[in-house]
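Peer 1: Everything in the sequence shown is counted per the numbering used here, starting at 277 for the first residue and increasing by one.
These are calculated hints, taken from the structure and not from any lab test.
Glycine residues also receive a C-beta, built at the ideal position from the N, C-alpha and C atoms.
Do not rely on the hints blindly, as some may be mistaken.
Here are the computed lysine-lysine pairs in the DSS-like style, where the Cα-Cα straight-line distance is at most 30 Å [stated by the list, open to error]:
(1) Lys472 / Lys461
(2) Lys632 / Lys753
(3) Lys663 / Lys693
(4) Lys472 / Lys529
(5) Lys558 / Lys461
(6) Lys663 / Lys685
(7) Lys663 / Lys720
(8) Lys663 / Lys623
(9) Lys558 / Lys472
Ranges of calculated distance between the beta carbons of each label pair, as one might list FRET restraints [stated by the list, open to error]:
(10) Ala545 / Lys693: 51 to 59 Å
(11) Lys461 / Glu634: 41 to 49 Å
(12) Pro480 / Thr762: 57 to 65 Å
(13) Met401 / Pro480: 26 to 34 Å
(14) Arg661 / Asp521: 43 to 51 Å
(15) Arg661 / Arg737: 52 to 60 Å
(16) Thr660 / Asp459: 32 to 40 Å
(17) Glu670 / Ala593: 51 to 59 Å
(18) Lys624 / Glu588: 31 to 39 Å
(19) Gln736 / Asp610: 17 to 25 Å
(20) Asp459 / Lys663: 51 to 59 Å
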Amino acid sequence: MNPKTRFNLMYVLIAVSTVFLVHDFWVRSQSVAVIPYSRFQQLLTQGKVQEVVVDADSIQGVLKEPLKEAPYEGRSRFLTTQVRPELAASLEKYGVTFAGRVESPWLHTILSWTVPVLLFAAVWMWLARRIGGAGGPGAGLMSIGKSKAKVYVETGVAVRFGDVAGVDEAKAELEEVVSFLKDPKSYGRLGARMPKGVLLVGPPGTGKTLLARAVAGEAAVPFFSISGSEFVEMFVGVGAARVRDLFQQARLKAPCVIFIDELDALGRARGAYPGMGGHDEKEQTLNQLLSELDGFDPAIGIVLLGATNRPEVLDPALLRAGRFDRQVLVDRPDRIGRAQILAVHVKKVTLAPDVKLEEVAALTPGFTGADLANLVNEAALVATRRKAEQVSIEDFTAAIERIVAGLEKRNRLLNPKEREVVAHHEMGHAIAAAAQPGCDPVHKISIIPRGIGALGYTIQRPTEDRYLMTREELEAKMTVLLAGRTAE
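Make the full structure from the sequences, and use the hints.
Peer 2: Shown next as structure tokens:
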């Protein structure tokens, strides 16, 4: 139930009760004179009473002529409460004014119909909150077709492009989206239109979600964030209803950014698994998303951002021009990009003066932004465990070894023969790497067991990032890999 509706209903009940209360009080005060029982006995002995109605505790009646004394002036109807005869006789003997307690009937009347109504309304609101509210046993049942998108307003998105490093090409593409969101009308002055959807493609941990939040933060617009899996429920048609509700909310808050993470959970190609039975719910949800992408006008300032690390499984209709018509690759950063990402993450870490982030970046080929953030945290933990005041390059090296090779297991004791075999094995790798031309130089050799099955390891530090390898380089790499067993 809408909170505003609840307040309006409460106001109506209070107003009606007040009107009835005032009206009943006014009518009774104007027409009936509530007199003491002693005054009734005086009127009775004086012959001024015309008729009476005797109740269990009270007497009501009509006088032959209206009363003239204040405050009963002009009233011919009266009401009094009986007093026990023996007590009345004693009080009358001494000239005492006496009366019984008159209970007003209006309060009983009002409570007799207002209390059940209020009780019913309270039970109804409690049930609605239990069924439809968060945390109840039927949470979400009343609002099952509502979108579950988390809405971050302008002040709720604290991420800017300055917080995103190592993906300069992707940032340049999305800066155009920011310019459009800030001023949609002037951006299309030459007849150009902004892409309806921008798909961020890349491996996990490369910063796709961070880039989407940076777009909303730079443009200072509301940011709708939802995962593709949150559209799909056990009931057919719910996902389509949530897509409709999401875009309806976005139109009310335009200009804004809609971000659908893990788009492959929602936009998987239809009919990809014909032998696995029907997928009506997912297909209806995807069809609704396609129709919404066709239906909304990009000039109002709605930009749809999607993120996936599996673009090959997406439906072709989702990737055609006019829907997600721009794909932005968010790839693993190169050496320079890794150094920039490390510079962002080490702002909250106390570094030793001799730490050069370029050297750390050289040791981490293939690391994503999430991996580098974890690396900085692990290095800080290593320095904390050894009671250091600053994080040194040795801490980063230990953190890289822990991430790449696994946890060091000093309690796994090897007998002397096994240690000799492992030492020959690792020295074989090292000697072959030093002898082969074009091989990466050896950074560290260890015979301390790590991880699940590694009894020792040899780390080679690449001098630069490589995207192609020649036949000679591949043969040299194979030689280094086989040299360990050959040395044994």
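Peer 1: Of all the hints given earlier, name the ones this structure violates by number, lowest first.
Peer 2: Result: hints 3, 5, 12, 13, 15, 16 break, sorted rising.
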